[in-house]
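Engineer: Same order as they appear, the protein sequences are chains D and U.
Take numbering that gives the first Met the number 0: the last position of the first sequence gets the number 59, and nothing is skipped along the way.
Take numbering that gives the first Met the number 0: the last position of the second sequence gets the number 730, and nothing is skipped along the way.
The set of hints was computed from the structure by calculation and includes no laboratory data.
This structure is a prediction, so every number in the text was calculated from the model and none was measured.
Cβ coordinates follow ideal geometry from the N, Cα and C atoms, glycine included.
Misleading hints may appear alongside valid ones.
[As the list claims (entries may be wrong)] Here are the computed lysine-lysine pairs in the DSS-like style, where the Cα-Cα straight-line distance is at most 27 Å: (1) U:Lys106 / D:Lys26; (2) U:Lys349 / U:Lys612; (3) D:Lys26 / U:Lys36.
[To be verified] Distance ranges between label pairs, derived from CB positions: (4) D:Asp43 / U:Gln601: 48 to 58 Å; (5) U:Gly33 / D:Trp23: 22 to 32 Å; (6) U:Leu350 / D:Gln29: 54 to 64 Å; (7) U:His30 / D:Leu25: 19 to 29 Å; (8) U:Glu27 / D:Asp43: 39 to 49 Å; (9) U:Ala301 / D:Lys26: 51 to 61 Å; (10) U:Glu27 / D:Leu25: 20 to 30 Å.
Chain residues, written in single-letter form:
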Amino acid sequence: MDVLIYLIPAALFLGLIGLGAFFWALKSGQFEDLDGAAERILMDDEDKPGTWFGIHPPCH
Amino acid sequence: MNQVTAATPVPAAEATTASPETLHLMVENVHCAGCIKRIESTLANMPGVAASRVNLSTKRLRVDWLPGQTTPDAIAETVSGLGFPARAFDPAALQDGGEAEDRRLLKAMAVAGFAAANVMLLSVSVWSGHFSGMGGATRDLFHWVSALIALPAVVYAGMPFFASAARALANRALNMDVPISLAVILAAGMSLQQTMKGAEHAYFDASVTLLFFLLIGRYLDRRARTKARSAATRLLGLRAATAMVVGSDGRQRAVATTSLVPGMVLAVAAGERLAADGEIATGRTDMDTSLVTGESLPQAAAAGDAVYAGTLNLTAPVEVRITAAGEDTLLAEIVRLMEAAEQGRAKYVKLADRAARIYAPAVHILAAGTLAGWWWATGDGERALLTAVAVLIITCPCALGLAVPAVQVVASGRLLQRGVLLKAADGLERLAQADHVVFDKTGTLTLGEPALVNAGDIPPHSLRLAAALAAHSRHPLARALVKAAPQDDTTRIDLTDITETPGCGLSARHGGRPLRLGSAAWCHAEATATDTGAPAGPEFWLADGDDTPVRFVFADRLRDDARDTIARLRAMGLGIELLSGDREDVVRAVAGELGIDEWRAQCPPAAKVQRLKDLAAEGRHVVMVGDGLNDAPALAAGHASLSPATAADISQTAADMVFQGRSLAPVAEAVAVARAATRHVKQNFALALLYNVIAVPIAVAGFATPLVAAVAMSSSSILVTLNALRLKLVK
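The following block holds chain D by itself, in its conformation from the complex:
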């Protein structure tokens, strides 16, 4: 049962990372326009970097 000493903190840590990621996503405005995000994925060539607010797409 000693393994619990590692496993419980490990499980909690992973969970906290997920929670942190969600908070970051919320703060950086990724939940502002869910309908738009769903549509934008259909665009062939994405906007040039710098035309976005907050989030930068990977460079081409």
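Knowing the structure of chain D, use the given hints to seat chain U on it.
Structural biologist: Here is chain U on its own, set in the frame of chain D:
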């Protein structure tokens, strides 16, 4: 942010580049990736625009622009030119803390979800430990770790409920959040005390999963409301915010519509809506009054004629001297009538609230009874309190909290697919109760736009000629002519010297021959007109040189499926009635064609409201379907209301739902979906009740261990959600 950029020293070469300013625009007609791309890529290539981003959910556009290189007007015009009418707005004016509250709920939901998952993981271990012989020390460790996760999570994620419960108690009232808060706080507190004692059971998992499920329901409910509200504010925001006033020096300046006073002179360009009542000072034009009076034909207006706020100037720029502004306009009068009518609807209590009124006290009595009963029977205060907490947890309205929002989300999604935008969150419930439908005529049963009816009698050459000339005018009849002409015709018709004379018509030269299109008098066709008899409806004439003038007759067409929709509504058990502001013979013809027995013509707005009130007094639940400004008070007075997307802004604001397209079928569809949704909500309530009938005796008897509570709660919540999703399958 802008100040910071400006303060940073810039190289001399860039010194001319000012810091970007931000412009917020409301954009219409944006609905797909293609629209977003057209707007954003066009703006990206526009000089002076630093960045732009469309928000599809809120139909807003944010543009960062550089002063000196472009102007907000130029940007708005560019976007409008792409086919997306855009109007600037002040985001601060629309800010009411709604978005911040949405975020707060979403964060609380995430925290509750995280805590629920982790605590449940530990709890499952403890439960299986009961059977496999987990040591007391390990169980206590697990309970302590659970406490470490659950207690901060309860404090953070429970705040929305605690705050609402505190508000209710301060007002000496009970709402659903009081038993919820009590259950969550007592469960967490009791569990901590039990953990300290090293006892066998702790309810940490129950308190956080409870919060998680309830927050899901609360978030969905909130989102439906936010969507409805943003639809309403968008419509309001699109109303003219400024008007051009001509000063004594002859120069024009923009003035907010709220600051207009009688005596000012407005410059009204062609295509602009009037911001105040007044009379024409100089100029001659045609006014489209359809939104105000329901009359579909433009009225010619010249100096001295009275014109009203909300009407559209069609053909030529005019100057208008204001006679009434703001609160005194016809528009404001209609708004007042509408607000008075809304009072009645405010009395409606939502199904969920009615359920809560019974539920909340019942839960408290049950828990208090359990506490007293166990204490009296066993004399063990701690045991009694623990059982009472278990009762509170079990009866907590998880399923009840999800019952309405889950159905609402599915139903509004279905309606949106059919082109119906749900604006009032409780509109579906009210629509489901409806047993009588009152229609307006112009723009509702009919398309509200004239169409050429005698195309068969017109020589093709004349039609082509007329259409080519009509293309140069905004007059509704001219537009109908253009639409009626064959589209595949590629032969060009060269016209020169095209001029439009407001109130009369158009003139041009075609291969040396004078050409005229417009009223009979304009085309010198009075003689021909007397020969062919009285006009059957609005008409245009075409005079081509000295040839006999040709007549074009127009009529407002019924929506293609009006008959079918009325039949379908009848089959659903609804009474049908027609109330119109139009002339009696026209209304009688439409009613006859659609088989509507009950109809009234020449109804002013107040008469429509009175008729709806009379129907309501008879115990009828009336749905009002209308589009004109004159229908707005009636829309507000109806038990539920719909308006087409072509309606006046104010009518759309008053309506519970707005339907798009040229078909009337969405009205019947909306009633069908509303009825199905309410049926599902009631089923969900029944499921929740059934669950309580089974689970409550178990809890009162003291058998509700944490495991039993978790299973019961989750299964009922899932059952309710699945039942809501079933609505997607209903035909």
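Engineer: Are the hints correct? Go through all of them and say.
Structural biologist: Taking the hints in turn, this is what the structure says about them:
1. U:Lys106 / D:Lys26: Distance of about 10 Å is within 27 Å: holds.
2. U:Lys349 / U:Lys612: holds, 21 Å
3. D:Lys26 / U:Lys36: holds, 25 Å
4. D:Asp43 / U:Gln601: 48 to 58 Å: Holds, at about 57 Å.
5. U:Gly33 / D:Trp23: 22 to 32 Å: Given range 22 to 32 Å: holds, Cβ gap about 31 Å.
6. U:Leu350 / D:Gln29: 54 to 64 Å: Cβ of Leu350 (chain U) to Cβ of Gln29 (chain D): about 35 Å, so the range 54 to 64 Å is violated.
7. U:His30 / D:Leu25: 19 to 29 Å: holds, 25 Å
8. U:Glu27 / D:Asp43: 39 to 49 Å: violated, 25 Å
9. U:Ala301 / D:Lys26: 51 to 61 Å: For Lys26 (chain D) against Ala301 (chain U), whose Cβ atoms are near 60 Å apart, the range 51 to 61 Å holds.
10. U:Glu27 / D:Leu25: 20 to 30 Å: holds, 29 Å
Comparing the model with each numbered hint stated earlier shows that hints 6 and 8 do not hold.
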